[in-house]
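Which chain is which? The protein sequence lines are A and B, in order. In terms of the numbering used here, the first sequence opens at residue 1 and continues consecutively. In terms of the numbering used here, the second sequence opens at residue 10001 and continues consecutively.
In short, the hints are calculated from the structure, not lab data. Glycine residues also receive a C-beta, built at the ideal position from the N, C-alpha and C atoms. Incorrect hints may appear among the rest.
Taking lysine to any residue and the SDA-like style, the derived pairs with C-alpha atoms no more than 25 Å apart in a straight line are [what the hints assert, rightly or not]:
(1) 10195/B x 979/A
(2) 10123/B x 979/A
(3) 979/A x 10180/B
(4) 10186/B x 675/A
So, partial list: chain B residues that the calculated Cβ filter (under 7 Å) puts toward chain A [as the list claims (entries may be wrong)]:
(5) 10061
(6) 10100
(7) 10194
(8) 10252
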Amino acid sequence: MANKMLLCFVKSSSFFILIIILILYSETVSAQQKEYTFNNQGNVCYMNFVCFAQNLEYSSIKRPFVFILGKQGETAKETYLKDTIKNLPAFYNYMFVYIPNQGGNARGKLYCLSSLAGLLTYNFKYGRSNLFLTIKDSLITQPDINELALNTIFKTIKLFEPKNNNLSQLPNNNLVDDFKENVVAYDLVTQKNDTEFGNYYIEEDSTDNKDNSTEKPHKTWLGPPSAFNYTLTGIVRDKSSGEALPFATVLVKGTNIGASTNTDGYFTLLKVPTDTNTLIVQYIGYDKTEIFLSPQSSKKNLIVEIRPSIQNLKTVTIVGQKENVMLVNKTDVSLIKMTPKKLEQLPNIGERDILRSFQLMPGISASNESSSGLYVRGGTPDQNLVLYDGFTVYHVDHLYGFFSAFNSNALKDVQLYKGGFESKFGGRLSSVTEITGKTGNQKKFNAGADISLLSFNAFVEIPVGSKFSSVIAFRRSYKGPIYNKIFKTFNKNSSTSSPKGMGSGGRQMQNTTITSYFYDLNGKFTYCPSSKDILSLSIFNGTDKLDNSSSMSAPSFGASNSNFNMSSTDLTKYGNIGSSLKWSRKWNDKIYGNSILSYSNYFSDRNRSQERSMTNESGETTTTNNGVFENNDLKDFSFKTDYQWDLFNFSQLQFGGFGTYFDINYSYAQNDTSTVLDRLNNAILGGVYLQNKIKLFNDKVLFLPGIRASYFETTKKMYYEPRASISYNITKKLTLKGSTGKYYQFSNRVTREDIMSGSKDFWLLSDGKTVPVSSAIHYIIGLSYETVNCLFSAEAYYKKINNLTEYSLRFNPSPMGVSYNENFFNGYGYSRGIEFLAQKKSGKFNGWVSYTIGEACNHFDIYSDSYYPANQDVTHEFKVVSLYQYKRWDFSATWIFATGRPYTAPSGAYSITLLDGTTQDFFTVTSKNGLRLPDYHRCDISANYKLLAGSKGDKKRREIGYVGFSIFNLYNRKNIWYKQYTIEDGEILETNINYLGITPNLTLSFKLR
Amino acid sequence: MEKHIKLLLLIFLFSIFIIGCKKEENKEFTDTPVIESYLEPGNFLMLNVTRQIPFSSNVVYASDDINNLVINTTYNNSLHLLSSLGDGTYVDSSTRVSEGVNYNLTFTYNSKNVSAYTYIPSKPQNMTLSSTTITIERMDTTSGPPTGTMPDPIEITWSNSDASYYLVLVENIETTLDPIRDFGDKEPPGNRFRKSPTNSASEEIRAMDFQYYGTHRIILFHVLPDYAALYNQNSTSSQNLTNPSTSIVNGYGIFTGLNSDTLFVEVKE
């Protein structure tokens, strides 16, 4: 009977359409559920029923349906309101249909059920295995079900049993599985299709502006869950390269459960409600991806692969991760995260540069063109710990600091903690930059090359089998226009090397051979012997050689058989060599650990001297060497382990140990006979840390207390650093956070004050006396407000610093003796400020505006008896970054304004008559940093055009590179870097050494995939 | 939303109130006095106070009159007021400077307390010369390069057990100068030359150091490190701006004690 009626429905299509129209017409939209009317009044099957879908998707029929017949006399609405299971996470993708309990007997109540089910599922288009029926009416029994053959329609039917006041499930063994619900929800098998690898560009249809580019994954498992509150572990990887993605966010949709992946891409989610939940995976520069879990997908080592954003500017390159909507991230205090993937969209001088890009964020000074090292919140670059694959990089500058030593082709992820950082990191006062290198494409061979007006850059990624991957990247400058321009900026003054007093008639020969370059090499080799272990060896070498030497020879001053030779050497060679061997192991679902053995060496050799050799008539040669000889050599041998242990779903314990052997040497000589300073220091620093990430109050509060304890061999003292950070989600959009902590630094870059030609600095290990162990206390409080498209945040900081060291030859502390070793001066200081950020995160036009008001003050008794502005003090800093995408073009523009930096200048002169009757001139200087350079401002623009593989008609084309054009300092502002003073005949000459003027650049970038 | 923006605005306004460094007023020039005083046994304590020469043209000087300062010295536990002689020169004519005594100096300038201290070192002991005469052949550039051998240098020795600083000054005391070599177009050198301060116990004077024939006075000064530092740092090059080591607080210059001994050398043709 029912079947006949059903047939009737189906065959009479006009009636069917009418019904649909009727349903649509009579739809009543309420907050969540939808109410419909079935049939016309008078029809035997006329009823008002209620539909409810947790995911609010009412159009899809490819899903399980649960029909619920209420208790005796209940309307559908009443049944809907009483029902409690509809909001369980397990039923997220289900459609609930509430049927009114009408009709006198059981048959009458059940009579229209099959026809309604047929209608709603388009005549069981996707089969009947996903139809479930729950009957809450105790009068309906098994024979009634059988009579209407409902068990051929519904997979399971639950009946109300009065005995235990519960629902019993009626098994149904007659059904074939025609819904194909065993299809694995998450596509674990990657299609071995060549087009799967690489980034894609979807040609936009000019007439249709719809976003049809992203292929959304579908939910394919619609059956009931098989596991509840279980622990899920997995790894997040790039779909095209197989590269593990560190610090990605993994969340269970609709809940507060979430985690971040660790440096090796692994994550652990404790207490996932069911195995049919949906995961949301997010990573900067990648599409936000939903992963549909199913009982078939792995619960351990689930491989989640996500794609780089196809629509380039859907997500912005840099995002203040702290402000992310996601719980696990918005709780981090003062954290900025970046992926080098989309770096080319920002303007650059000649190289995509991660550290330069960070300088566009609030709190990080952008007016230091000559330093790639970061000035974070009034701190100096040496107070920023730079970790590259676990080893410390001590010097990050290439070519006088205009470029950072990090090749963005070799990098995967960068995180910057602007302050209040966790106990895991130590040894620095101000901030932490954690850089993770690429492990290389694990699926396919890949190679690429960039050429710009500055450098040539190439990389290869070679996977061997499924367990080994490698990446090698090399970059070298060539004497292109940009290199020369920068080099000249810095060597303007020394280019006139013709000495005075040579005018006695001899012919002069001057040869200048400039051989300057920089290069860097990154290599990473990763081997995964098992699914639990990763071994990786990372190598980094960045070297600069800057040579501006010249030589000159003149035959005699008069006598014909004597000879005079002069060679002027101006050679600076510096660089970093570092390497780390890391072993990571996932001991079990809850314990993850890694151990790193590393070596890092920073060397700097500076020789700015003149060698004069004179050969007299009798053939005797006398050679004199005058100038500055500076040598700094730092070696760091370290071992450290980091463990994380997920104790409970609300608490993760992190702990580890570390040990470093420092060997730091520095020598400074003013000519070949007098060594001003020669220091050799070595010591062991060792210690442990413990911290615990705790989520409280329904995950609204995240609390991270920690302690770090270190023992420093030189001072033979223990140093304890208690730290804590807390964040509180006031609403879903508004987060309040704060952090505080104590920080120690054992190796410092000491500034050698030089008023005449700009101060320089060098690394020294604390000796506990003249160079004490420096320390800082941070206090940070912040507020962020984030919507889907916008972000506003404000953060205030206060940092108190003790035991700062500067070196100055301007003073002699003990008048009764001259000892240059005593020219180290100690002081203290503070910095404070407030940062504001407003960001538009999405759309074709996006970007951000940031403003920082701050100050950094120092107090050194030797300079002044009150606080004076520190060298890096900047009062106002305003930055605008705007990005615009049009078809295959990316446009960007940045504008930076910063208050000028303070400086000290010669202010006057006096002379003293010596005992032999001659007079000696001396110069006096202004109060320390009493003057300020003019304000700094600059605008940069860039345009990139994507290069695509494939023919023009193809909708989906692979991106194989780009052509980039940028202009640095668009309106050619003459920003002053420092002032140089030269004394000639008792007069002082002031020269402004300017930063770069307008500099255009062209970049060509190619890659295989 | 609006509420939060207001909140941010409030924080911003608040920040403007709390920010504002206790920075010193930017000064291009600080009027700090320059002192010059050598204290030698047997002489009166004399002192010269001057102003620095500023590089900038529009500077503000302190109101203090350089000729009317109240300068006190303390030695042997007694306070003495220096009298002005004009041109910034002051003298304490009450007692002559004597060896081994500590001298302290104080006065107020530009609202700051300027002070300095020094003591008088001992007279050089056991000063000897390896020879009191030296014979140097007259050199004439017109007759070609000189022939023959250079005479041995004169070695000056003295006792210096504590490695303190000594300075050798050589002065021709003839009324008319008789040059050893032809200076050509160049300006003739002065009648004095010195060696660099040393903390050894000997010094050599080579024949080529002498420019004139006749009697020379060899003065060996026993100096203090702050005076030696003037020479150490006299290559005030473009590398650094170095102020000489000094005992003077809130002032520049030199306030140092010294002591000397003298011997004579005859330069013969």
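Results for each hint:
{"no.": "1", "hint": "10195/B x 979/A", "in the structure": "violated (36 Å)"}
{"no.": "2", "hint": "10123/B x 979/A", "in the structure": "violated (47 Å)"}
{"no.": "3", "hint": "979/A x 10180/B", "in the structure": "violated (47 Å)"}
{"no.": "4", "hint": "10186/B x 675/A", "in the structure": "violated (35 Å)"}
{"no.": "5", "hint": "10061", "in the structure": "violated (11 Å)"}
{"no.": "6", "hint": "10100", "in the structure": "violated (15 Å)"}
{"no.": "7", "hint": "10194", "in the structure": "holds (4 Å)"}
{"no.": "8", "hint": "10252", "in the structure": "holds (6 Å)"}
Consistency note: the structure conflicts with the earlier hints numbered 1, 2, 3, 4, 5 and 6.
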